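Asks: Chains as they are written, first to last, in numbering that gives the first Met the number 0: chain A, 0 to 413; chain B, 0 to 230.
Errors might be hidden in some of the hints.
Unchecked claim - Have a look at the derived ranges for each label pair, beta carbon to beta carbon:
| no. | chain 1 | residue 1 | chain 2 | residue 2 | range |
| --- | --- | --- | --- | --- | --- |
| 1 | B | R122 | A | L22 | 34 to 44 Å |
| 2 | A | Y305 | B | G76 | 23 to 33 Å |
| 3 | B | A185 | A | L22 | 46 to 56 Å |
| 4 | A | V291 | B | D30 | 34 to 44 Å |
| 5 | A | V391 | B | A185 | 50 to 60 Å |
| 6 | A | V291 | B | Q15 | 45 to 55 Å |
| 7 | A | A376 | B | R122 | 23 to 33 Å |
| 8 | A | V386 | B | A209 | 56 to 66 Å |
| 9 | B | R127 | A | F2 | 24 to 34 Å |
| 10 | B | R127 | A | E306 | 28 to 38 Å |
| 11 | B | G147 | A | G356 | 54 to 64 Å |
| 12 | B | G143 | A | V391 | 27 to 37 Å |
| 13 | B | D30 | A | L22 | 54 to 64 Å |
As the list claims (entries may be wrong) - Short derived list, chain A residues pointing at chain B, Cβ under 10 Å:
| no. | residue |
| --- | --- |
| 14 | K197 |
| 15 | R307 |
| 16 | A316 |
| 17 | V317 |
| 18 | H404 |
| 19 | I409 |
| 20 | R410 |
Stated by the list, open to error - Here are the simulated lysine to aspartate or glutamate pairs, EDC-like style, with alpha carbons at most 20 Å apart:
| no. | chain 1 | residue 1 | chain 2 | residue 2 |
| --- | --- | --- | --- | --- |
| 21 | A | K108 | A | D155 |
| 22 | B | K96 | A | E310 |
| 23 | B | K96 | A | E411 |
| 24 | B | K24 | A | E407 |
| 25 | A | K8 | B | D139 |
For the record, the hints were derived by calculation from the structure and aren't laboratory data. This one's a predicted model, so the numbers in the text were calculated from it and none came from an experiment. Here a beta-carbon is modelled for each residue, glycine too, at the ideal position from N, C-alpha and C.
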Amino acid sequence: MNFGNLALKNLWRRPVRTGLTVLGVALAVAVAVSLGGFNLGYKRAISNSIERLGFQVMIMAKGCPYEAATMMLKGGTGLLYLPEDTKAKIETDASVSSITPIFVGVAEKEASSIRDDAAKSFAIVNGIERESFVTMKPWVRFQGGAGYDGGRWFSDTAETEIVLGFEVAEYEQRKVGDDFYMTVTPNGAVAPVQHKFKVVGVLERTGSQDDGGVFVPLKTAQKLFGRANELTIVGVKLKEFSGVKLREFEGRWLKLPEVQVVSLEQVKGTLVSLVGTAQAMIAAVALIAVVVAAIGVMNSIVMSVYERTGEIGVMKAVGASRADIFRLVWLETLLLCVVAGAAGCLLAVVGSGAVEGVIRRLIDLGVSDSLVLITPALLGAAMLGAVVLGLVTGIWPAWRAASLHPVEAIREGE
Amino acid sequence: MNNLSPLISARSLTRQYRRGAEVVKALDGVDLDIRAGEMLAVTGPSGSGKTTLINLLSCLDAPTSGELSVAGRRVDGLPESELVAARRGVLGFVFQKFHLLPTLTVAENVELPLLFLRRPADRAETLRVLETVGLAERADHRPGEISGGQMQRTAIARALLAKPSILIADEPTGNLDKANGEAVIALFRKLVTETGITVILSTHNERHAAACDRILALEDGRIKTAGALHS
Ligand SMILES: Nc1ncnc2c1ncn2[C@@H]1O[C@H](COP(=O)(O)OP(=O)(O)O)[C@@H](O)[C@H]1O
Ligand SMILES: [Mg+2]
Numbered sequence: 000m001n002f003g004n005l006a007l008k009n010l011w012r013r014p015v016r017t018g019l020t021v022l023g024v025a026l027a028v029a030v031a032v033s034l035g036g037f038n039l040g041y042k043r044a045i046s047n048s049i050e051r052l053g054f055q056v057m058i059m060a061k062g063c064p065y066e067a068a069t070m071m072l073k074g075g076t077g078l079l080y081l082p083e084d085t086k087a088k089i090e091t092d093a094s095v096s097s098i099t100p101i102f103v104g105v106a107e108k109e110a111s112s113i114r115d116d117a118a119k120s121f122a123i124v125n126g127i128e129r130e131s132f133v134t135m136k137p138w139v140r141f142q143g144g145a146g147y148d149g150g151r152w153f154s155d156t157a158e159t160e161i162v163l164g165f166e167v168a169e170y171e172q173r174k175v176g177d178d179f180y181m182t183v184t185p186n187g188a189v190a191p192v193q194h195k196f197k198v199v200g201v202l203e204r205t206g207s208q209d210d211g212g213v214f215v216p217l218k219t220a221q222k223l224f225g226r227a228n229e230l231t232i233v234g235v236k237l238k239e240f241s242g243v244k245l246r247e248f249e250g251r252w253l254k255l256p257e258v259q260v261v262s263l264e265q266v267k268g269t270l271v272s273l274v275g276t277a278q279a280m281i282a283a284v285a286l287i288a289v290v291v292a293a294i295g296v297m298n299s300i301v302m303s304v305y306e307r308t309g310e311i312g313v314m315k316a317v318g319a320s321r322a323d324i325f326r327l328v329w330l331e332t333l334l335l336c337v338v339a340g341a342a343g344c345l346l347a348v349v350g351s352g353a354v355e356g357v358i359r360r361l362i363d364l365g366v367s368d369s370l371v372l373i374t375p376a377l378l379g380a381a382m383l384g385a386v387v388l389g390l391v392t393g394i395w396p397a398w399r400a401a402s403l404h405p406v407e408a409i410r411e412g413e
Numbered sequence: 000m001n002n003l004s005p006l007i008s009a010r011s012l013t014r015q016y017r018r019g020a021e022v023v024k025a026l027d028g029v030d031l032d033i034r035a036g037e038m039l040a041v042t043g044p045s046g047s048g049k050t051t052l053i054n055l056l057s058c059l060d061a062p063t064s065g066e067l068s069v070a071g072r073r074v075d076g077l078p079e080s081e082l083v084a085a086r087r088g089v090l091g092f093v094f095q096k097f098h099l100l101p102t103l104t105v106a107e108n109v110e111l112p113l114l115f116l117r118r119p120a121d122r123a124e125t126l127r128v129l130e131t132v133g134l135a136e137r138a139d140h141r142p143g144e145i146s147g148g149q150m151q152r153t154a155i156a157r158a159l160l161a162k163p164s165i166l167i168a169d170e171p172t173g174n175l176d177k178a179n180g181e182a183v184i185a186l187f188r189k190l191v192t193e194t195g196i197t198v199i200l201s202t203h204n205e206r207h208a209a210a211c212d213r214i215l216a217l218e219d220g221r222i223k224t225a226g227a228l229h230s
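Next up, chain A with everything else stripped away, as it sits in the complex (with noise of 0.2 Å):
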C-alpha cells in the first residue's frame, strides 16, 4: 500500500462520480486539444497557400504596377524598370530562401483567334529565369493529353520558343508545336515588331495571375523590349515569413532608392489579422471549457472529502500528518486529471479523425492535407495542462482535508 495506490482506490469508491468528473475534464481536454489541432491544421494551411503564392515579396520600381488589370489598362506604359544588379544586391540579405527575376512587358497580339471580338488582345509578356521560377513554384506543371504533351520549358537561349499559362493557351487556341505570334514596340523605337514564336508547352492552371501570362527567356524578353540589363520584378521568398520578419526585409531594402518592396498584403493581413482573431477565439473557448471542469473536479474532490470526513480523523488518530493528507487528496485530484487528460487526448484523436472522415465523405475539401492538426507536442501541452490543474484544483480541498481537526472529523463522521 502506497500513497498513489490509496489516492486510486478513494478514487474507485464513486466509480460513478469521479468516471462523470473524467468526462467532464476529458471533454474540456479534447475540446481544448481540438481547437489547437484546428488552430495548426488552419496555420498550416495559410503557411502552405502562402507557399503556393512562390513569392511573398516583391521588389519593384517605384510607382510602378503590379498587377495584372493595371498594365493592361495603361497598354504597358506604367511599367518602370530596376537595374539588373538590383537581384544581386538583394541575394545578400541573410534572410532570403530564394530570389528570382523577372521582366514583365505588354505585347499586342494579332487577331488569331477565331472568336471574332478578339480583333486585338494583349499579352503579358514574362521572361523569366527558368532555374530559379522553378525553384520558386516547385508546383507549375505542363499540361498533358493529346496536343499538350511533351511540354517543356524553353532553353535558356532560346529566343523563338514560348511557354503559354493556362488561360492563354485556352483563349488563343494554341497547343503544343503551334506558332503564337506578338507584337512589340521595343524601348525607343516608334514601329512595332512582329515576331514569331513557337509553343513548346503549356502551363496547368494555377489559379495565380501566371494564366494569364505567357513566359519566354530573361534575356530574350529584355531585347524584344529593348531592355538589355533591366528587370521589372525581383521575388523574393523569405526563409521566415511572419509579419516582423516582412516588416524587417521590407526595412533594410526600402532603403534602396528608387526601389519600393511590395509584400503581398493579402498574405500579409491574412497572418496578423485572421490568425489573431482565430486564436482569441479559440483560446477563450478553451478556457471556458477548462474553467467548467476544474469546478467540476473541485466539486467532486470536495464531496469526497466531506464523506470521508470521519476516515481522514482516524486516519490523522492513526499518525497521518496534515501533509500525509494534503499529499493524499492532491494526488487524487492530480491522478483523476492525468486520467482525463488522456482521456481527452485519444478523444480529440479519434473524434477529430471521425469528424474529418464524415465531411471528406460529404463534400470535397479540395485540400489533401487533414483540416486538424494534432502533434505530439500539442497533446505533450495538453497533459502537461491536466497536471497543471489537478495540482491547482487539488490545492483547495487537500487544505480543507488536512485542517480538518482528528476530533471533531472522527465525532462529525459517527
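Got chain A sorted already, so can you dock chain B with the ligands onto it with the hints?
Replies: Using the frame of chain A, we list chain B with the ligands on its own:
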C-alpha cells in the same frame, strides 16, 4: 521510566468548550494515574465527559488547562503537529464506529497506519496480529463482507499492528450485540495478560466495566468514584 511511575498521569485536567456565549466544562479538574499493564474502564452517563477524557489521553485533543503526561512526555500545551508525533507508535485507537476504509481489504486496513508511520508492511506480521484477534481467514475480505464484531476486531488489529504501549477505545462495544461485545472485552483482557499492553476503554455497560481492573466513573466532567475492582 520505571514500573512505579505511572504511564499516564493527569492533574487538574480540564477541557472547556464554547457553545456560543456559554462555556461548557466537559471535563473539570480530573486527577488520574494509570499504570502500565492496567485495564481501565471509564464509565458514566451520556454527556458525562467520557469521550472528552479519552480524546485528551489519546493526545487527539489538547486540554484547556491542567497537566498531562503520556509515556513520560508532557503533552499539555503541545500544538497539533507535535501531538501527532506524541501519539505515533505509542497510542492505538479503537472507535465506536469502526471507520474502516471500504475499498481496502481487512489486511490492508490493518496495515494502513504503517503508511503514515513510513514503515514497510509485513504481511506475515499482519496475519499474526489478525490471528490474535481471530480474523486470519478474513484477511482478504472487504469490510462490507464481514460482521460488525469482525469489523471491530479488524479495527483492534489495526490499532495493535504498530505495537503501541497504550490501546484506547471509546465505547468499543457500543455498536455491537451482547456476544460480540463480550468477545471484544475478552480480547482486551487477553491482550493485557499476554502482551502487557495498557487498555483504557469507555463503556456504558456495567458488565464490561466490571471485567476491567479499575473503574473511573465520571459525572458532569468530574470523577465520581475511582475504585480498584481487583487489587
Ligand atoms: N465540540 C464540542 N462543543 C461543545 N460541546 C461539546 C463538544 N464536545 C462535547 N461537548 C459537550 O461536553 C460534554 C461532554 O461530552 P462527551 O465527552 O462527548 O460525553 P460522553 O462521551 O460521556 O457522552 C457534553 O455536554 C457535550 O455536549
Ligand atoms: Mg462519548
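Asks: State for each hint whether it applies.
Replies: Each hint, compared with the structure:
no., hint, result
1, B/R122 / A/L22: 34 to 44 Å, "holds, 37 Å"
2, A/Y305 / B/G76: 23 to 33 Å, "holds, 31 Å"
3, B/A185 / A/L22: 46 to 56 Å, "holds, 51 Å"
4, A/V291 / B/D30: 34 to 44 Å, "violated, 59 Å"
5, A/V391 / B/A185: 50 to 60 Å, "holds, 52 Å"
6, A/V291 / B/Q15: 45 to 55 Å, "holds, 46 Å"
7, A/A376 / B/R122: 23 to 33 Å, "violated, 45 Å"
8, A/V386 / B/A209: 56 to 66 Å, "holds, 59 Å"
9, B/R127 / A/F2: 24 to 34 Å, "holds, 26 Å"
10, B/R127 / A/E306: 28 to 38 Å, "holds, 33 Å"
11, B/G147 / A/G356: 54 to 64 Å, "holds, 58 Å"
12, B/G143 / A/V391: 27 to 37 Å, "holds, 35 Å"
13, B/D30 / A/L22: 54 to 64 Å, "holds, 60 Å"
14, K197, "violated, 87 Å"
15, R307, "holds, 9 Å"
16, A316, "holds, 5 Å"
17, V317, "holds, 4 Å"
18, H404, "holds, 8 Å"
19, I409, "holds, 6 Å"
20, R410, "holds, 8 Å"
21, A/K108 / A/D155, "violated, 24 Å"
22, B/K96 / A/E310, "holds, 10 Å"
23, B/K96 / A/E411, "holds, 11 Å"
24, B/K24 / A/E407, "holds, 17 Å"
25, A/K8 / B/D139, "holds, 15 Å"
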